[in-house]
Amino acid sequence: MLETAFTGSKRYYRLLAVLLFFMAVGAVVYLRQLSFGLGITGMGRDVSWGFYIAQFTYLVGVAASGVMVVLPYYLHDYKAFGRITVLGEFLAVAAVTMCLLFIIVDLGRPDRLLNVIFYPTPNSILFWDMIVLNGYLLLNIVIGWTVLEAERNQVKYPKWVKPLILISIPWAPSIHTVTAFLYAGLPGRGYWLTAIMAPRFLSSAFAAGPALLILLALIVRKFTKFDPGREQIQTLAKIVTYAIIINVFFFFCEIFTVFYSQIPDHMLHFQYLFQGLQGKGQLVPWMWFAIVGMTVAAILMVFPKIRQNENTLALVCGLIIVTTYIDKGLGLISGGFIPNPTEKVVEYWPTLPEALITLGVWATGFFILTILYKVAVSVKEEVKA
Amino acid sequence: MGINRRDFVKLAGLSALFGLGGKAGWELLAPGQVEAQIKAQGKPLTAKRWAMVVDMRKLDDATAARCIEACHKIHNVPDYTKPVNPKDALTPEQIVRWEVKWIWTDHFHNAFPGFDQPYMQERLEHLNFLCLCNHCENPPCVRVCPTKATFRRDDGIVMMDMHRCIGCRFCMAGCPFGARSFNWRDPRPFIKEEYPDYPTREPGMVEKCDFCVKLLAKGQLPACVTESKGALIFGDLADAKSGPREALKAHYTIRRKPHLGTNPQVYYIV
Chain C
1 MLETAFTGSK
11 RYYRLLAVLL
21 FFMAVGAVVY
31 LRQLSFGLGI
41 TGMGRDVSWG
51 FYIAQFTYLV
61 GVAASGVMVV
71 LPYYLHDYKA
81 FGRITVLGEF
91 LAVAAVTMCL
101 LFIIVDLGRP
111 DRLLNVIFYP
121 TPNSILFWDM
131 IVLNGYLLLN
141 IVIGWTVLEA
151 ERNQVKYPKW
161 VKPLILISIP
171 WAPSIHTVTA
181 FLYAGLPGRG
191 YWLTAIMAPR
201 FLSSAFAAGP
211 ALLILLALIV
221 RKFTKFDPGR
231 EQIQTLAKIV
241 TYAIIINVFF
251 FFCEIFTVFY
261 SQIPDHMLHF
271 QYLFQGLQGK
281 GQLVPWMWFA
291 IVGMTVAAIL
301 MVFPKIRQNE
311 NTLALVCGLI
321 IVTTYIDKGL
331 GLISGGFIPN
341 PTEKVVEYWP
351 TLPEALITLG
361 VWATGFFILT
371 ILYKVAVSVK
381 EEVKA
Chain Y
1 MGINRRDFVK
11 LAGLSALFGL
21 GGKAGWELLA
31 PGQVEAQIKA
41 QGKPLTAKRW
51 AMVVDMRKLD
61 DATAARCIEA
71 CHKIHNVPDY
81 TKPVNPKDAL
91 TPEQIVRWEV
101 KWIWTDHFHN
111 AFPGFDQPYM
121 QERLEHLNFL
131 CLCNHCENPP
141 CVRVCPTKAT
151 FRRDDGIVMM
161 DMHRCIGCRF
171 CMAGCPFGAR
181 SFNWRDPRPF
191 IKEEYPDYPT
201 REPGMVEKCD
211 FCVKLLAKGQ
221 LPACVTESKG
231 ALIFGDLADA
241 KSGPREALKA
251 HYTIRRKPHL
261 GTNPQVYYIV
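Chains C and Y, in that order, give the protein sequences. If you're matching positions, the first sequence starts at 1 in full-length UniProt numbering and goes up one per residue. If you're matching positions, the second sequence starts at 1 in full-length UniProt numbering and goes up one per residue.
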């Protein structure tokens, strides 16, 4: 099937070329990071995780959300999603690959990466994250590819795939739960020390992931002969609606506990993010935009007219992707580290090299996504013809 | 071409040694070095549970500064405010971000957040508390480390294997005391005088106070304790007659963030 990735329109090759260019730029800057150290980023002793780990966290969510098309099709026999399960699975493959790359570029000594396997440490959540992420990657490659191949040959997929599919369903929320546990079990970080972190991660993921899938489906329809289908997009829109409403609800649950209890260890981080602390608050406008935007998007999605019009739907989906990204990508990590354990405020902002490496990883993910989607769409077009 | 297998292996071995180790490869084989390192030393100091009491009544700023200097000197901790070569000077912002510290001073409200109050003893407002790794009984940094590069010894010392650390910095997120430092860059241009008995570091790994395990093994007290003129009391918490136990029995002491359950083993007489 891979051969279909090598025959495409000029536009397809142009897209690949652009992505390759950003990958190359990212790789060159990464070499500089390897020789100088992580000091070329904006991170420091107070904010010791930054943009890389934030992207990683966001993308684990995108990967996990693949289950939102897999589950209705395989567990509820919702036939309409049969057309697009492979899009969800391939999106998960690209997203998990980016997650793993972001972990690697964040390591001070990537050459010692395999120490995690040589000295397995089950009490470390990072150890489990390695297992669930790699497992999820493998599951989605195998399932997506085999089912697509069966579709191409116009036969039912082989029997051994079904148990893998069933395993992949609980596996999806597990990757985001484990990722939340990376943060939610640290005693000195009040912003992260909350039992609702994993549920919040899942709700924002199940909003942002399917929202991204809707945009991708619209793009696929526009530029190829394969139509993922109006019903499919509308069902995804309903999933996004529920998830974003739950996400906003969870956020206010968090706010209530933190501000009604008035415990400073927990409150200070929210004050930094939404009001500024000790005269510093560069994230304040971002955070307000994120939470107001997210709430507005949740309300808009409730109106059937807005949801059913694919133009307004695309706009609101875009808003959801951006606002959940700010919440998880900028606020989550910085907010957890600021103020620091001695209650001092040292702010963080990514540097240009850091942004270029980040862009390089995203380009790598989209390169993989483009190729996988090209294969999937070619097969769909071929079967239809 | 007459080269037999034996000669080939020799040649390959030597070139590998040269290629991988360079000059250091030869020095490794130089006679005398290794022998010199295992020469007889003092009887090691041992304990069931090492602990430290900081007596703030005896610790003035000059003494604290000497403790910090002594520690950072023998552990080759870089001073980013003082480049060896002036052209390496850093911006104030880089100095804050990249700082490596094993032991430092902090104000009361920074060292003990939540303990401070609007009106308190005037002396406390100006006191600089000496802070270091608490060598917690229940250390979160050890719990989160994915490679066991951070571990707790049976005598309670929490220490690092810097050769195993992958630089994920999970321990820095886990430590509630800010006691861990990462090498964001090459520290060597900021080490004025390299101390031969401790390795310098490369970029990419975490480091912290280790209660001077190398000195303890030689029968000496930690460097900060030696410099402290009695303000730092170091000893075995399991021994009822040890310095820390006597101090804890006689005085009211506080610890940093005890409510987090990490059970810190550095106590403060205020």
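These are calculated hints, taken from the structure and not from any lab test. Since the structure is predicted, the reported quantities are computational estimates derived from the model, not experimental observations. Don't be surprised by glycine CBs; every beta carbon is placed ideally from N, CA and C. Hints are supplied without guarantee of correctness; some may be wrong.
[What the hints assert, rightly or not] Pairwise CB distance ranges (calculated):
(1) C:Ile263 to Y:His251: 28 to 34 Å
(2) C:Pro163 to Y:Asp116: 21 to 27 Å
(3) C:Leu164 to Y:Gln94: 30 to 36 Å
(4) Y:Gln117 to C:Leu138: 51 to 57 Å
For each hint, the structure was consulted:
1. C:Ile263 to Y:His251: 28 to 34 Å: 30 Å, holds
2. C:Pro163 to Y:Asp116: 21 to 27 Å: Check failed, 59 Å falls outside 21 to 27 Å.
3. C:Leu164 to Y:Gln94: 30 to 36 Å: Since the Cβ atoms of Leu164 (chain C) and Gln94 (chain Y) sit about 49 Å apart, the hinted range of 30 to 36 Å is violated.
4. Y:Gln117 to C:Leu138: 51 to 57 Å: This hint holds: roughly 56 Å between Cβ atoms.
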